[in-house]
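Model the placement of chain B on the given structure of chain A, informed by the hints.
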Amino acid sequence: MAFDPGTGVQKVLLPQPCILVIFGGDGDLSWRKLLPAVYNLNVDGALPSHFAVVCFGLASTKDELTLSNPDEYIRKRAKDGIQRFSRQPLDEGHWEDFSRALFFVPGSFNNAADYARLRAKLEAVDIQFGVPGSRVYYLSIPPQFVSMCVSQLRDARMVNDPDDEVRFTRTIVEKPIGRDLESARAVIKAVDQAFAESQTYRIDHYLGKETVQNLMVLRFANSIFEPLWNQKYIDHVQITVAEEEGLVRWDQSTSPPTMTASRVGYYEGVGALRDMVQNHILQILCTVAMEPPYSLDPDVVRDAKANVLHCLRPMTPEGVKTDVVRGQYIDGDEHGCLVPSYRHEVRRFFEQFPPEKRPSGWDNSVTETYVAMRVFIDNWRWSGVPFYLRTGKRLPKRSSEVAIQFRDVPSVLFNSRPEIPVDPTVLTIKVQPEEGLSMRIATKLPGPKVRIYPVKMEFNYASGFGATSPEAYERLVLDVMAGDATLFMRRDAVETAWQWVMPALEAWSRERVLNLPEYRAGTWGPVEADRLILADGRQWRTL
Amino acid sequence: MTSAASVMPGFMGMPVELRNIERELNSQLMVEQGRDKAPVQRVRMSNLVIYCGSLALAEAVAEQVPDVVMVHPARVLLLVADSAAPPGITAGVNVRCRLIAKELQACSEQVTLRAGEGMVDRLPFAVRALLIGDLPTNLWWATPQPPPMAGPLLFELAENAQQIMYDSIGWPQPALGVASTAAWLESVERTDALRWRVASDLNWRRLKYWRRMVAQALDPGSARGAAETVTEIQLEHGPHAVVQAWELASWLTTRLGWKVQGGKSHDNVEMVWRFIGPNGDTRVRIRRLDSGPAEIRRLRILNSLDGKPGAMNIVAEDSVRLSIQLEGVESAPRTMTLPTHLAAELVGRQLSDRDRDPVFHESMAVARVMAKSVLG
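Protein sequences, first through last, are from chains A and B. Residue numbers for the first sequence follow this note's numbering, beginning at 1 and rising by one. Residue numbers for the second sequence follow this note's numbering, beginning at 1001 and rising by one.
Hints are computed from structural coordinates only; laboratory data are not their basis. Heads up, some of the hints might be wrong.
[Stated by the list, open to error] Within a straight-line C-alpha distance of at most 27 Å, the following computed BS3-like cross-link-like pairs (lysine-lysine) qualify:
{"id": "1", "chain 1": "B", "residue 1": "Lys1208", "chain 2": "A", "residue 2": "Lys444"}
{"id": "2", "chain 1": "A", "residue 1": "Lys456", "chain 2": "B", "residue 2": "Lys1102"}
{"id": "3", "chain 1": "A", "residue 1": "Lys121", "chain 2": "A", "residue 2": "Lys33"}
Pulled out of the complex, with its shape left as it was, chain A reads as follows (with noise of 0.2 Å):
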């Protein structure tokens, strides 16, 4: 959605025709996210009238006979992610159409031989399904792939000119960008060597969500709310990501149990506040506490979020200690078996490695999979208005919502007696897996004494409005054939956001602790993030 800055009125952004370039395209966010989340599309009849999709990558395969007709293996791994990850089940006459259309070049990232095939393959494509030439590259690869991919492009002449509306180029970067400040900025000017800032989408796939995006609608299209949302009215906010899984899927009927998927090799040394604080959860901040733009321009509201990372308060080594907690995972449980600590998983990951392949530390990982963290926004929405971050791993459910707290009622009336708890009052936006809103108030039960009950107002995306929402990629790919960049990160609001986390892990990497606080996997982390937030005479909330 965008406005005309002129006029003021809604542009209306349709999805142009062009061809979805998946690097990475037989990878595992292809298989469970994107080539569902275009299936689905397709399904809704929302896809641009002549669109294909070629995928392009080292093939995950070792079968010859597979890799001799490339397309039809990756339809098979794409019908198979579908009907095992798709919104909607999978419908053979949909199928036949959006297979059709469906492509794989196998090719190296590094070799330009490859590209001029992918070039070819592409421009036979454009002539097949009348696609004028525009290109929409999804770069789901490995962060120090990026800047070889973006170079081949350039020099295989397979990026247009930014101002060629006809035959555009736009390019899709997938989280993590960089690691730290430093090779973020270096992934950044990579990009930017090949494609304009107005080519290039940093895509966070939680702006896509539903309720995500529901945020401005129910603070800006509300009357009620938006008096209310500030340090006035609001006595904190909590932000929370919690994740079921952890880093490594065991099967549980073998004896003992045995490693059948790992994220080890991505997570170890990069943690949660890099997986989820640096990028998710504050873009979800900068939502939740952003001005009111002046209009729903991409820029415009980006630049409203930018605003609420610049005032974010700087974290100073001092402040590390005491306003951030970090964790780790020990033994516990998951839906009753018995999951190992996330050291065990991470020696079991890398002792299948040779020696000399393993990373330092291996044995012994003081990588976080939990973090907690006290923030404060500088300004005068915000002066005093404590907002509590936490993710981590293998906490007892999926879920992740923002809570604000709004403030209690004076000590007079209901809330004067000490034997009698007001609850107070919370508006909570479910974000996963649930999509939704809550509010919790104070009632007085019926009878003839006054007494106080809390209630929850509730309201589900699914039930409400009958339908399964998109899936936030659905949305996310949609927007950028339409060339909305409204959901996706600018660079300044990346590095902005790197800047501000860049104290904690320096701090942390100067400490050089043996241990982290430890949690049992199945409870929601360690005590002294509980610690944390008590001593403000608050608490984290029960999800």
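Showing chain B alone in chain A's frame:
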């Protein structure tokens, strides 16, 4: 966890894997809703975690759950420790709907978790994953074991609870149970609004009308001087109701301003305490009857009425009537009709009642001294 257990008791509902509980609840709700109908209303005023120490107890409690949620709709998590169960934790779900208006159904949900041998201490993990945020959490310790004797399990299950509810009916060692529970109350309750938690004994709630009757009988407005001249309190109760009688006695002695001097138990049939009151030595006797329902049957208060020795007899005529008869003065018996509260209704009403009851606490503090004097 084991796969959906084939030998699951019927009350557990639809067998489901732990990781799929929410999904199964949603799909059962969709079935209840039917196609093209208005969305069903999912009603829940709280999370109700119920712990039962055996399968037999769980079956009895499960029968009450539909009536409990009629009074207080809740997400019910029924936990069953069952050493005979298959290894692991097995789960089942039930959704119960009722029509509350034209085409509007209110549905409540129950999840039953059965823990086999060695798995009971893992139940708190499953509970954490199933609690609903922003709702009060009640823990109903539905097992005849005084909560302080339950060990770390209760501590863990209660970590998010705003109310711990127990029932002192049928405690096997009443004196020990009263002494430890009274001490435990002091530590388990939290009065800061932030981490509010109260503990409630259903037995205390059952005494509501006894206390009201006694308060009216001794009220200076209706019987001047009756309270000040009480010299002895005698209570008779059916089997398993000694703690109920004890709580009434401790409440009454607290109101009368008596202090415990000492106590004795006689053959586990009668307990006698010496007190000192504002006007000298006084006494409390609690005697168990050989048979009858597990409740107080009679309260006799010896005092002076109009300057002459007399007594008040308050008797449970039947389950819905208390009567009072004065001895030593001419008067017709008075009766009080009690609302017919099913056991489940009693629980349901307690769930909404989160206020701290200072009278209960004062009474339990006296009960604790009484227990100590009996234990020696």
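Restraint status (C-alpha distance of Lys1208 (chain B) to Lys444 (chain A) at most 27 Å): Distance ~22 Å between Lys1208 (chain B) and Lys444 (chain A) Cα, so the pair holds.
Straight-line alpha-carbon gap Lys121 (chain A) to Lys33 (chain A), limit 27 Å: Given that 27 Å is the threshold and the Cα spacing comes to 24 Å, the pair holds.
Satisfaction of hint between Lys1102 (chain B) and Lys456 (chain A), Cα-Cα up to 27 Å: Holds, at roughly 23 Å.
Figure legend: structure checked against the earlier numbered hints; every hint is met.
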